[in-house]
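The lines below spell out each chain.
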Amino acid sequence: MNKGVVAWHQQALALLAKDLRAELRTKVAVSAVGVFTFSALLLLALATINLKDTPTLNMGVLTDPITRDGVVSLLRPAWEPASKMGLLWVLLCFAAFTGLAHTFVHEEDSGTTAALRLSMTASAVYAGKLSFNFLLIAVVALAVTPAYMGITGMPIGSPLVFISVMLGGTVGLSAAATIVGALAAKAQGTSALYSALGLPMLVVFLIMLINAAITLYSKNPTVLQIGRDVGGLFSFGVMLIAISALVFHFVWED
Amino acid sequence: MADKHDGEHRIEIKEVAHQFGWRQVFAPLSASVSGGQTLVISGINGAGKSTLLRIIAGLLTPTEGTVAVTIAGQQQDALSRRNSIGYVAPDLTLYRELSAAENLQFFARLRGITLTRDDLIALLTQVGLRGRGKDLVGTYSSGMRQRLKYAFALLSQPPILLLDEPTANLDIHGVAIVEQIVAEQKQRGGISIVATNEPRELEWGDSVARLELP
Chain A
756 MNKGVVAWHQ QALALLAKDL RAELRTKVAV SAVGVFTFSA LLLLALATIN
806 LKDTPTLNMG VLTDPITRDG VVSLLRPAWE PASKMGLLWV LLCFAAFTGL
856 AHTFVHEEDS GTTAALRLSM TASAVYAGKL SFNFLLIAVV ALAVTPAYMG
906 ITGMPIGSPL VFISVMLGGT VGLSAAATIV GALAAKAQGT SALYSALGLP
956 MLVVFLIMLI NAAITLYSKN PTVLQIGRDV GGLFSFGVML IAISALVFHF
1006 VWED
Chain B
7 MADKHDGEHR IEIKEVAHQF GWRQVFAPLS ASVSGGQTLV ISGINGAGKS
57 TLLRIIAGLL TPTEGTVAVT IAGQQQDALS RRNSIGYVAP DLTLYRELSA
107 AENLQFFARL RGITLTRDDL IALLTQVGLR GRGKDLVGTY SSGMRQRLKY
157 AFALLSQPPI LLLDEPTANL DIHGVAIVEQ IVAEQKQRGG ISIVATNEPR
207 ELEWGDSVAR LELP
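Residue numbers (this note's numbering), protein chains in the order written: chain A, 756 to 1009; chain B, 7 to 220.
Check the hints yourself; a few may be wrong.
To be clear about the criterion: a stretch of chain B counts as covered by chain A if any three or more of its residues have a C-beta under 8 Å from a C-beta of chain A, and this derived list gives those stretches [stated by the list, open to error]:
1) 92-98
2) 102-111
3) 114-125
Hints listed in this document are in silico derivations from the structure and should not be mistaken for laboratory results.
Idealized CB from N, CA, C, for every residue including glycine.
When you get a sec, could you build the whole thing from the sequences and use the hints?
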């Protein structure tokens, strides 16, 4: 047995590989997320069967004389694309928090944290768990979004901005889920605590996401608007990761 | 496989005590142990034997006192000494959803240890699990899991072994394996600290520290 120096990113990759292997074997997170997502999509499809194509009109914008063409030109969908995007992320948030709760809570409950703490640094644990959560949310988002678009009629808008919003959302959500999961696990967490701890972060996250969605679906967004709203969404995720990386040591070693 | 450790190892426990909330677990304790020695810690249930071992392992910070760990003549802090410690305890669990071999390979990778197939077989043979390496840990009996903890502890051939209730769940062959491990650790100049109340295990110690309630 040869012993060498191991870098934190190698430890993080080893943890990610272990988590993926365990997940492929047990499918705990995937099945929890899958069941929730499937049920939510089914309910959504039933609830919005008539809503997605229903037009609405703000009577205040009508001008004399009222003509048929004038009314038709002012019609807009009752369920706007930005709201659809917001609802998609509410769904993804709940799905993610349902499945990701186990990443740290499971380690704590099954007593494997002592072996991990003896073998790897806190920063490597954080990086490994964050990567796993990011991958899981990305896979769920990839699977759910096309189905959701089919059910609700949510448009893509500008493809580049759309991908940026989805990526920024995935980064932010995985960052929030990871640190909240760690806090809940250390507090001998229950899923109720997990939700309570996650709420303040999720509210800010969803507000930023809806701002980005409004920009995505506005007719002619300026570069400044895109930079502010989509960039803001990314900044939230990056800031959360930076803060989490700084405080994770204290959470993990507590 | 058993290399003699270079330099001097020493653990100095100075007036260590710990409180959980308002409750002090044990009265301040001082003890020291050097390479080639075994320290046995005894005390009634709830006296804080496991807590003290967690403190020595660097998994818990004592509310009072200090633990100074020197490995090969070099002082180690709580984080750096973890790599030099083999830890076997009831609160330590390996991944049930992985096989024994996968567990050992995973922890070897984390510690930067190149674990060849022969190394793995030798390790599993040493703890009496040869031929069961591919089985999921979730299918193991409690005695087999205890043996696997020893394989985990011996992965890096650590200069310090911390054994909490070392023969829990083990059959007579398992107990003999543990005695052999402790004897080999002593022979190659390593330190063993054993938390137990078993009369047979108390005899392993060059010295015995008894934890008293405050």
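Now for the hints, and whether the structure bears them out:
no., hint, in the structure
1, 92-98, "holds (count 4)"
2, 102-111, "holds (count 4)"
3, 114-125, "holds (count 10)"
No hint from the list above goes unmet by this structure.
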